[in-house]
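Enquirer: Okay, here's what each chain looks like letter by letter:
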Amino acid sequence: MPKVLETINTDISIIGAGIAGSAIARELSKYDLSITVIEQKNDIGLEGTTTNHALVCQGADSLTFRPGTLHAELNIKSIPLWPKLAEELNFKFRRIGGLWLIRDNSDFKKFQKMYSRAFKSSLDPKSPLLIPEGSFIPLKFLNKKELKNEEPEISDEFFGALYDPNLATVNPPEVAKAYAENAKANGTEFLFNTKINNIKRVSGKFELYSDKYIIKTDIVINASGIEADKIAELAKARDFSYVPFKGTIVEFDDELGKMINHETLILPRGSPHMQLISPTYDGKLRAGIYLEMTFRSNKEIKDYAIKHAINVSKTLYPGLPFENHILKSFTGFMAMTNPDTGWHDFVIGIPEFVPNWVNVILGPAGVSASPMLGKKVVEILSKSGVRFEEKKNYQPSIRKGVIS
Amino acid sequence: MSLNNTLNLNLARKIINAMISFSMDNNMLPGSYAVTDSGGHVVALERRDSALPATVDLAIDKAWTASVMKLSAKVLDQVITRGEGWRLNVKYHGRMTLIHGAIPLIIQGEVVGGIGHSGESIEGDEKIAQAGFAGAYREEEFETNVEKGLEISRSIAESVINYVNSNKLKPVAITITDVNGWPLLIYRMDGTPYGFVEISRSRAWTSSAFKLNSHEVTKIVGEIIECPNGEDSNERFNTSQGGIYIGNIIGSLGVAGNSPEEDYKIATNSLKSLNI
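Sequence lines, in order, name chains L and H. Okay, so the first sequence: first residue is 1 according to my numbering, each after it adds one. Okay, so the second sequence: first residue is 1001 according to my numbering, each after it adds one.
Bound-form chain L, shown alone:
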């Protein structure tokens, strides 16, 4: 006998409770709507939200993103929102600052361009993405002596650095949980251990099928991270493509964490792998990142990827004994669009032939853009004709546990 599924009716369903799904749930919980977040795992943010370098692009790096992309827009607009968000939701937001090391004239020229772009975005009132006053500390060039003052252990090979004092670190799963718990306190429902197997459209409504429930919903937001293509295909709503990009990161312990104060990086030359080491929110270090395109089931940690992280750390800080202080290594996946050119961009949009369905594909710098995601989704849905009415009793700081 077939099992009888429990039916749930809701206005908006969000598939995926990572950083994207949780951030969008919180934003939508400001409006008079019933919202259900559906997650296949048993907690918030267990995939891409956990496996990343935990940085929040706050200055120079956001401004390096290709102008005119959604990637740049959402990241730059998120800059002024972070400190307020950290205060409202009470999570740790640590400004560490970033040092972009200069090896030669070529680096210097590249950074000069970045510096002027940062200058423009933060000061020119005509700039389309003006960063409000006070939320962006100007970048500055350091000479060798100043660089040594900031990082005593740094290699002598570098002539100086571009210093971005804005860069910050958070614990992304903690942030995702904060978003989710605030959304829950404002009426959002969460379903864990619920994997969507099938999606039907019946008279303008979506029916999402899992082993336990049929969720009947007017609007679906597909924020399922690296699985977003498969979820979208169930509803014939995949109008985007991406390739799983696997990153391997090595974490070093607190003892070394004390020795390095800033995110430090060099621009990779002739290699696709990132070359950086950075303190984390809890005083450890994360280094890497070895990047490769592969199948999403290939989560194996390779020796050469670990070696890459150690080599990078050694190049930057030759005097520190990195080999003896490895805490753990891990791999994670991000969704890379335009993998042939490297011109990555976010996808947030409604497919042409599937109304009331929003795809949200983030990839690199997704955590940093999270404060703007919900606002963008509301903007896109409003343009498509959905009416949003603000809730009178929304409370931005209260929290309620999501796992019942």
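You may find that some hints are simply not true.
The following label-pair restraints were derived from C-beta to C-beta distances [unchecked claim]:
hint, chain 1, residue 1, chain 2, residue 2, range
1, H, Lys1148, L, Ser384, 36 to 42 Å
2, L, Met259, H, Gly1109, 30 to 36 Å
3, H, Leu1274, L, Asp11, 49 to 55 Å
4, H, Asn1005, L, Glu352, 32 to 38 Å
5, H, Asn1010, L, Phe353, 27 to 33 Å
6, L, Ile326, H, Asn1005, 25 to 31 Å
7, H, Ser1155, L, Val4, 39 to 45 Å
Hint data in this document are derived by calculation from the structure and do not stem from the laboratory. We treat Cβ as the ideally placed atom computed from N, Cα and C, and that holds for glycine.
Got chain L; can you put chain H on it based on the hints?
Expert: Same frame as chain L, but now just chain H:
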């Protein structure tokens, strides 16, 4: 499980399937879907039934461009040549195609081939080609519900591949054309020298053009050596054995890779096992 960095027929077919499934899901115009190896030579091509005949060579040339330049047409156009791309096009006798929808297939950091799509707008072509690239990085196969002509073409090609494999013959190139002589499908089995692709295509064209098996054409028209309209277009003349006229929904089958006699045998026996 990780991805092997060699491009074979199975991977090329998977990429094409991914492109077809993407364009069908998004109600896009039917077109031609090509995958070439690192030297720019066709590994697989499929054309949907109602797609424009000219898209065949456009798709192949796009994939060729991405393979031999190891770059996307988008980059060649916008970054490298900055609007001066026609110079490259003239230099390569019109073959270098800087129209979007041509992207290199990259596996383990290496360009192993090219993907080309033609038949949509430039944005559409680019999106479909991207879907093909992404398809290479999906473990499961895509299910597609293609039109009658392409469906029959696929089953004939399968039958040829099975016949060659089970009789331990040399691998072959297969071309299936419509009644007007335009390819619906080109497959090159792994290990087939690329020269056989054009031979199989000309045998199939000749059969469609004269509604006869390729080697029977001389009996009717005498010994013509040169192609009536030259080699540049789809008009290609070849009266050796290996081209079979079918003439029902699809036009002809061309097989090449062994001796002409064996190629003819492969073609007839493969069709027989399908009762065509």
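Enquirer: Decide, hint by hint, whether the structure agrees.
Expert: Status of each hint after checking the structure:
1. Lys1148(H) x Ser384(L): 36 to 42 Å: 37 Å, holds
2. Met259(L) x Gly1109(H): 30 to 36 Å: 33 Å, holds
3. Leu1274(H) x Asp11(L): 49 to 55 Å: 53 Å, holds
4. Asn1005(H) x Glu352(L): 32 to 38 Å: With Cβ atoms ~35 Å apart, the hint holds.
5. Asn1010(H) x Phe353(L): 27 to 33 Å: Since asparagine 1010(H) and phenylalanine 353(L) have Cβ atoms about 31 Å apart, the given range 27 to 33 Å holds.
6. Ile326(L) x Asn1005(H): 25 to 31 Å: 29 Å, holds
7. Ser1155(H) x Val4(L): 39 to 45 Å: 42 Å, holds
Checked against the numbered hints listed earlier, the structure breaks none of them; every hint is satisfied.
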